[in-house]
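K.L.:
Starting from the known structure of chain A, arrange chain B with the ligands on it as the hints suggest.
Residue numbers (this note's numbering), protein chains in the order written: chain A, 562 to 1027; chain B, 8 to 148.
Quick look at which bits of chain A chain B covers, simulated, 3 or more residues with Cβ under 8 Å:
1) 588-600
2) 669-675
3) 683-690
4) 886-893
BS3-like cross-link-like pairs, simulated, lysine-lysine; straight-line CA separation at most 30 Å:
5) A/Lys-718 with A/Lys-571
6) A/Lys-782 with B/Lys-14
7) B/Lys-14 with A/Lys-718
8) B/Lys-98 with A/Lys-751
Keep in mind the hints are simulated off the structure, nothing from the lab. Computed from a predicted model, the values in this text were never measured in an experiment. Glycine included, C-beta positions come from ideal geometry on N, C-alpha and C.
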Amino acid sequence: MNYQSQRVAKPYFIAALGLFVGQIVFGLIAGLQYLNGTFLFPALPFDVVHMSHTNLLIVWLLMAFMGAAYFIVPEEAQTELYSPKLALITFWVFLAAGAVTILSYLFVPYTQLAAMTGNAVLPTMGRGYLEQPLPIKVGIVLVALSLLFNVTMTLIKGRKTSINFILVGSLWGLALLFLPAFYFPQDTVKASFGWWWVVHGWVEGDWELILGALLGFILIKMTGVDREIIEKWIYIIVAMTLISGLVGIGHHYYYTGAPAYWIWLGSIFSALEPIPFMLLIAFSFKTLLQRRREYPNKAAMLWAMGTPIMAFLGAGLWGFMITLAPVQYYIHGTNFTAAHGHLAFFGAYAMIALAIISYAMPLLRGRIANSMVAQRWEMTGFWVMTTSMIGITLALTGAGIVTAFLQRAAEDPMGFMQVQDKARVFFWIREFFGASFFLGLLIYLRSFFFAGEYEYANEMKQALSK
Amino acid sequence: MQQVFTKAMARNIFLGGAGFFLVIYLLLAYDSFQQIPIRDHAVNLTPSVLRGKYLFDTNDCIGCHTVNGEGAYYAPELGNVYKRRGPDFIKAWIRSQPSGAPGRRQMPNFHFNDDQLNDVTAYLQWLSNIDTNKWPPNIEG
Ligand code: HEM
Ligand code: HEM
Ligand SMILES: [Fe+2]
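One chain only, chain A, in its complex shape (with noise of 0.2 Å):
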């Protein structure tokens, strides 16, 4: 760490970690309700718990993104923050409007929270991701500009590199595609066309790139690669994202009251959209290869290492899988898109925020790396909560593999309910890899818990008497 205001991340990545514990318990219990469907009711209601588990998910994601900003901004820039004290109460903002939007869906009926903060007036609530109530809307909004204007001050005062124009560039990405949240016509069939300029416009455009800069100033820093190579690496990648993604969003407007030609354009253009994650993959290996350092923190370079894999097997190999119109006009809306959406947004967004937090965090409290204690823990956590996702992944493709051919394609179909008693054994293989990557989570955070730090002399003793 090389300036004193890049302590600022440390708080935001602290609670990143504490939010994503939320998530995965939130999880744990929805996947118990899909077997018991009588666990928790009335109390808790499938949909408060689904949400619950879907926006601590966003907002644990930002806080780490933003966390990494606040990291790698200084740093490329070569200055220091260009106000560390605003970084800090904007990290008192977030966390509170994320716990107060928590515990209001937990303790309020959703439609007694609509009356009370103004959803009548303009209405925004009711949509998937975008539950959230208006007021805590607007406070997201102002968190984000008061970010964006403390980075781009930054930027503006220092050294500009391709990797900061690509990380603030996507952070006002991030912002203005928050927008249409508060676009929510009357008309059901606008309104989910503009739903995805947030949801696809985010994970299949604008957070692609926050990805491929988080991944770029990581692997500068632990290879000693040169920065040239890696920044034309990088916006060749981003490239291929926006030009595969941009038009690829028709993959959503197949079946949804939207024009017939989206079926054509959307199939062409999102079957383009595997190709930056192939790239990714591409970059991360042949970086790795002609690192010029042993970069002490292993277990730092295996979450940069195992993000594009996964990110690729998620969201190239399984959004591929769907994307098709002839393809999704089966599988469409059933547990075959809940398992892409899982692995797609566990390889490539909670993994770079792992990544970019296993690097980041030993820095943040004075020291290169961990002890090799501790980044063995971290190491094991890295393989139980991915083989874990995995599992998560392949029994949700099997659940919707099930509606497809009892439901969708049958001669004689059966119901609904019906086919998702024939799923039951999948949500049970579900559940156990759910409780294994609760698991897995537990072991990664146990290394946080040990002191000191990696020896150089120690490590190099231990491995010559091998």
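P.N.:
Below, chain B with the ligands without anything else, positioned relative to chain A:
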């Protein structure tokens, strides 16, 4: 090779590609917005339908259900439920929740009065007439 293809060229591909396809997308979106009101019969968005929609959103029906495949996967598709079940079943159903059947997935009771039930049903009817390119494949959704 390194020198032939420079970082500046990569950046220009990024900016040019993004700008070009953004413009293409905006034109297509503009055209879609002209066609959508015809495809979904927006003229039928009566005050009753719109009141029903408001109840639908503020009770978070898509937190459990899908509408035209969007939402959650816990409960049946509602985009075509009007055609599957008809108005009388729907009203009786919503009124009689939760089922309380042990272990079965539960839908809350929303305490709708008769007018509100009519509004929600009118909205479900409006949904069922959207041209979705023949999706879902069959009536089960
Ligand atoms: C990291 C990147 C990605 C993430 C985090 C992600 C996440 C998601 C999520 C959460 C959904 C469900 C949205 C809902 O609630 O309805 C979804 C839907 C979808 N995604 Fe992705 N996605 C990513 C990349 C991709 C890519 C690259 C493709 C195509 C190759 C793709 C194809 C699709 C399709 C076709 C659907 C709609 C499924 C349906 O019809 O039900 N996704 N994605
Ligand atoms: C213990 C592990 C987990 C369990 C048991 C779990 C369970 C669930 C359940 C039951 C749903 C609702 C599906 C529905 O709509 O009916 C859901 C949705 C979702 N979860 Fe998880 N989850 C877990 C971990 C995660 C993780 C780690 C992520 C991402 C990093 C994640 C991201 C999502 C997303 C994006 C959705 C919305 C999906 C969609 O609508 O397609 N979950 N999860
Ligand atoms: Fe998409």
